[in-house]
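**Q** If you want the building blocks of each chain, they are given just below.
Number of protein chains: 2
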Amino acid sequence: MNYGDIYVVGIGPGDESQLTPAALKAIEYCDVVVGYKTYLDLIDYLLCDKTIVASSMRKERERCSQALEYALEGENVALISGGDPGIYGMAGLMLETVEQGGCDINVRIVPGITAANAAAALLGAPLMNDFAVISLSDLMTPWETIERRVRLAAEGDFVIALYNPASTKRRWQIETVRHIVMQYRTGDTPVGIVRNAVRQEQTVTITNLEEMLKYSIDMASVVIVGNSATYVRNGYMITPRGYHI
Amino acid sequence: MNYGDIYVVGIGPGDESQLTPAALKAIEYCDVVVGYKTYLDLIDYLLCDKTIVASSMRKERERCSQALEYALEGENVALISGGDPGIYGMAGLMLETVEQGGCDINVRIVPGITAANAAAALLGAPLMNDFAVISLSDLMTPWETIERRVRLAAEGDFVIALYNPASTKRRWQIETVRHIVMQYRTGDTPVGIVRNAVRQEQTVTITNLEEMLKYSIDMASVVIVGNSATYVRNGYMITPRGYHI
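In order, the protein sequences belong to chains A and B. When we follow the UniProt record's numbering, the leftmost residue of the first sequence carries the number 1, and every step to the right adds one. When we follow the UniProt record's numbering, the leftmost residue of the second sequence carries the number 1, and every step to the right adds one.
Heads up, a few of these hints could be off.
A pair counts as met if it fits within one copy or between any two copies, since identical chains are not told apart.
Claimed, not checked - DSSO-like, lysine-lysine: derived pairs with alpha carbons at most 30 Å apart: (1) Lys59 x Lys25; (2) Lys50 x Lys169; (3) Lys25 x Lys169; (4) Lys50 x Lys214; (5) Lys50 x Lys25; (6) Lys25 x Lys37; (7) Lys59 x Lys37; (8) Lys214 x Lys25; (9) Lys214 x Lys59; (10) Lys50 x Lys37.
Source of the hints: derived by calculation from the structure; they are not laboratory data.
Same shape as in the complex, but just chain A (with noise of 0.2 Å):
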């Protein structure tokens, strides 16, 4: 019997209008449709006379087990991954699964528009210059090194994107976080907060380092701190690209 292939797809933020035609197509084509129930919610006008196989959060293991399981059965898989599945989604362990099983199955990675972009463009253009980009959940990665990327990070410069920044147990990360920036940057270095980028109940907050704790920051949300020569004007929050023009 010939395996199924499998798509990781990344469905951008969650709105149609950031869905590629790359990622649509691979939807389309395929029979078998495994993700977070979150994500799938957020495609559901797609996943008529699908086999669907949603799950519920942190079951990230279990779903590459069901998209691997599907393909050796003969389907074609789609692995839904929010956002893009290279950043903080579903492709690494996708492979890693399928290699782990050691048999010959045929992965394909579809990109998406990452939080981190889709923030950006609704807050200006914060990222124009070097940036690094860091999960503070700390259920993959210890903390000890996380809060050294932020403190190297804080001192190259970079503009930081904040991953996972908080949520409604963790929210001491994020306080560190800025204790540790504050080193390196005045308090009034902006800082921008983004919820549900492009989805419903969107937040753009721009705010800076001083005051950013007084804003709501949680799971759905990316923080992006400017570097020392990022301003806010007009409501944007501009990192210039270099030299000033």
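Chain B: place on chain A using the hints.
**A** Chain B only, in chain A's frame:
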């Protein structure tokens, strides 16, 4: 007279399959399309019946001024950016140009798939953990700043995505970067080089720090240097998300 709007539109790597519906809609909506000739050629199928303002490389300021002039005359303008306009693209300069012109023009940024994301998808999953994005072009940022950032990113065990890594005239920067990173990572650290991602003449190379300079690296390339945990298996470059599964 009413002013027109300016849309700074990211077309992604250049292939139609990775152009978002939002980008397509913005281009279709506008009367005037301004951009670097090479990017306009990639979307020529969208440009009939438009006023086209094409310019050569390095005319970024001119393009922004032209876009502003047309908007002031009441035309809706699409300013085209390769990849994502917010990442080494046209978003910042356009906002700065409007701000300095002191005019009340509505500017919207339409994000796109940036080169690092497109390249990562072709390589496997190299950006699955924290990463730094650095441009090696010292036209806009002093080389000492760039070098310092490379050093700090290497020290922090960030995966490093390098934009504008080299040109025909400019090769010593990538050699210097390799030399710096080699002080923190072993010679067998995986390196991915993607040229012309999702375009004609695309090449995808997986090599390592030791060997990387044997391959062609130019302005159409993105180089992704793995972190200490990145590995290569079955032709994929994979950075584990964190703790091993």
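**Q** All the hints need checking, so say for each whether the structure fits it.
**A** Tested hints:
Taking the shortest Cα distances, lysine 59 and lysine 25 sit within 30 Å of each other inside one copy (25 Å), while across copies they are farther apart (36 Å). When the C-alpha separation of lysine 50 and lysine 169 is checked against a cutoff of 30 Å, the pair qualifies neither within a copy, at 36 Å, nor between copies, at 53 Å. Within a single copy, lysine 25 and lysine 169 get their C-alpha atoms no closer than 38 Å, and across copies no closer than 40 Å, so neither meets the 30 Å cut-off. Proximity of lysine 50 and lysine 214 under a CA criterion of 30 Å is satisfied in neither setting, with 44 Å inside one chain copy and 47 Å between copies.
Taking CA atoms no more than 30 Å apart as the test, lysine 50 paired with lysine 25 passes in both settings, with 14 Å inside one copy and 29 Å between copies. Taking the closest pair of Cα atoms, lysine 25 and lysine 37 come within 30 Å of each other both inside a single copy (20 Å) and across two copies (29 Å). Taking the closest pair of Cα atoms, lysine 59 and lysine 37 come within 30 Å of each other only inside a single copy of the chain (11 Å); across copies the shortest separation is 46 Å, beyond that limit. Neither within a single protomer nor between protomers do lysine 214 and lysine 25 lie at most 30 Å apart by alpha-carbon distance, with minima of 42 Å and 37 Å respectively.
With identical chains, the CA atoms of lysine 214 and lysine 59 are never at most 30 Å apart, being 32 Å at best within one copy and 42 Å at best between copies. Only within a single protomer do lysine 50 and lysine 37 lie at most 30 Å apart by alpha-carbon distance; the minimum there is 14 Å, versus 42 Å between protomers.
Checked against the numbered hints above, the structure breaks hints 2, 3, 4, 8, 9 and satisfies the rest.
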